[in-house]
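J.: Residue strings, one per chain:
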Amino acid sequence: MLKVNEIKVFSTVEKVMIDFFLEVANISKFTGRFFKQVFIPPYEFAELIKQSYMVGVKSLPLIGITGFIMGLVLTIQSRPTLAQFGAESWLPAMVSVSIIREIGPVITALICAGKVGSGIGAELGSMKVTEQIDAMEVSGLNPFKYLVVTRILATTLMLPVLVVFSDCIGLFGSYLAVNIKGDVSFTLYFAQAIEKLTFVDIIPSIIKTFFFGFAIGLIGCYKGYNSKNGTEGVGSAANAAVVMGSLLIFIIDLIAVQITSLFT
Amino acid sequence: MGAKIRANISDAKGIGSDRNGDILIEVKHLKKSFGNNEVFKDFSLALEKKENLVVLGKSGSGKSVLIKCMVGLIDADEGEILVMGEDIEKLNEKALNVLRKKIGFLFQSAALYDSMTVGENLAFPLRGNKELSDEERNALVEESLENVGLKDVIDKMPSELSGGMRKRIGLARTLILKPEIVLYDEPTTGLDPITAKEISELILEIREKYQTSSIIITHDLACAKIVSDRIVIIHEGVCAAIGTYETLQNSEDKWVRSFFE
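Chains A and B are the protein sequences, given in the same order. Residues 1 to 264 (this note's numbering) make up the first sequence, in order. Residues 1 to 261 (this note's numbering) make up the second sequence, in order.
It should be emphasised that the hints constitute simulated quantities derived from the structure, not laboratory data. Misleading hints may appear alongside valid ones.
Restraint-style ranges between C-beta atoms, simulated for each label pair [unchecked claim]:
no., chain 1, residue 1, chain 2, residue 2, range
1, A, 31, B, 131, 45 to 55 Å
2, B, 37, A, 38, 32 to 42 Å
3, B, 162, A, 60, 36 to 46 Å
Note that beta-carbon positions come from the ideal geometry of N, C-alpha and C, so glycine has one too.
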């Protein structure tokens with residue numbers, strides 16, 4: 001026979017499971033609504049361009065700095081290990097494969113989940129609790145199309161651009177790090193870095209960034225659009241957008257790696 | 001709690017002035033609950049053409065829920081809400097949006113879009129109208145601002161405005177589509193008595209200028225006295241009393257009178 005404490009544990013687990021599946025169902029419904037709305041005119045091109053600017057251009061400095069440091073640190077950290085095996089000449093190839101296949105997309109997506117995802121969650125959450133979304137709805141307009149569709153599209157389209165930018169800056173940082181202890185020309189470094197790259201390294205890593213961007217936009221919008229309980233709810237929406245967005249990025253990455261490994 | 005003096009809706013028609021009896025909004029036997037909280041048990045109401053109907057009630061009595069049900073922001077559990085003869089619950093999204101353009105809604109907080117200037121806020125409801133040129137759109141924005149006496153703030157951000165100005169801009173945005181019905185959610189809450197009186201007088205001016213019919217949710221008796229043709233008091237999910245300001249103020253029912261003391 002179950003004791004009182006065990007019953008409490010079971011009921012708590014049951015509640016957590018129910019909440020989890022309800023959340024999954026609601027996110028699926030929200031995603032379905034996005035795909036339904038995205039193809040129906042009128043299209044909000046002006047707002048899409050504005051949001052793409054906010055997501056893309058406004059994130060460039062942060063992505064650039066982190067990409068640069070990422071390349072620099074990866075090179076400095078890897079050098080002693082490669083030197084032990086006398087394989088220092090492999091450094092540019094190793095760093096480029098690491099950055100382009102995995103570190104660049106994941107780090108950039110995580111930074112965007114923090115910066116862009118939380119921003120979208122907080123902005124839409126604030127609009128929700130101050131009845132601005134309701135005001136759009138009672139004007140006979142479609143707030144979902146104007147606010148949600150444009151933001152999800154913007155993150156989906158801009159994240160690959162940011163990742164390519166971050167990869168380039170990261171490789172430049174790596175080149176500078178290589179030159180701290182050696183003397184390698186810019187042309188030679190990039191020739192070695194690119195020589196070992198194949199389409200299987202580049203194409204899947206770019207494709208998965210579209211999914212990262214979609215996940216960041218979707219979760220930010222979902223959490224913000226459905227936020228409740230005043231200012232506390234806005235904070236929770238921003239926080240949940242980052243936590244769930246980051247988690248989804250790792251899950252998508254795991255799936256992408258499994259699929260990519262089928263072709264290598 | 002005093003005895004209810006709930007009047008039959010049809011008995012209440014004709015109270016007030018200058019009305020022709022056309023009903024623009026009709027709520028029949030509305031029921032709405034949030035969990036265990038039964039907000040409306042069996043609520044009925046009718047808004048006539050060019051009428052200003054004030055809704056009074058204690059906090060949490062469901063006044064705001066009522067007008068949100070009327071524009072389809074909240075779904076009713078049971079009952080019928082007919083707006084200009086259309087059952088809100090049965091309309092599809094497209095038809096509902098067409099109907100919503102005929103209804104103005106002034107939110108308690110004015111709900112101005114933070115990221116847009118005053119001019120952009122006012123032009124936003126017009127974006128669905130592709131027939132309007134930029135010049136016509138700008139003219140409508142300026143006209144709406146002029147109607148609320150705030151033509152100079154067109155380039156300001158909502159954060160730069162006072163509470164009274166925000167309410168006026170919210171009202172201007174509501175009026176830009178020239179609605180036939182305006183729903184006001186506590187239009188004078190949080191304002192000083194002078195500004196509150198100005199807003200109340202503006203509500204009357206708007207009725208005269210645009211021939212609107214309005215439902216005004218308020219706690220402000222001074223506002224109710226100025227703007228109302230009829231007053232409805234909601235209590236425990238039903239229409240507890242209905243009549244003109246003077247009728248209810250001099251009601252034989254102590255509980256109803258207590259609202260006006």
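J.: For which of the previously enumerated hints does the structure constitute a violation, in increasing order of number?
T.: 1
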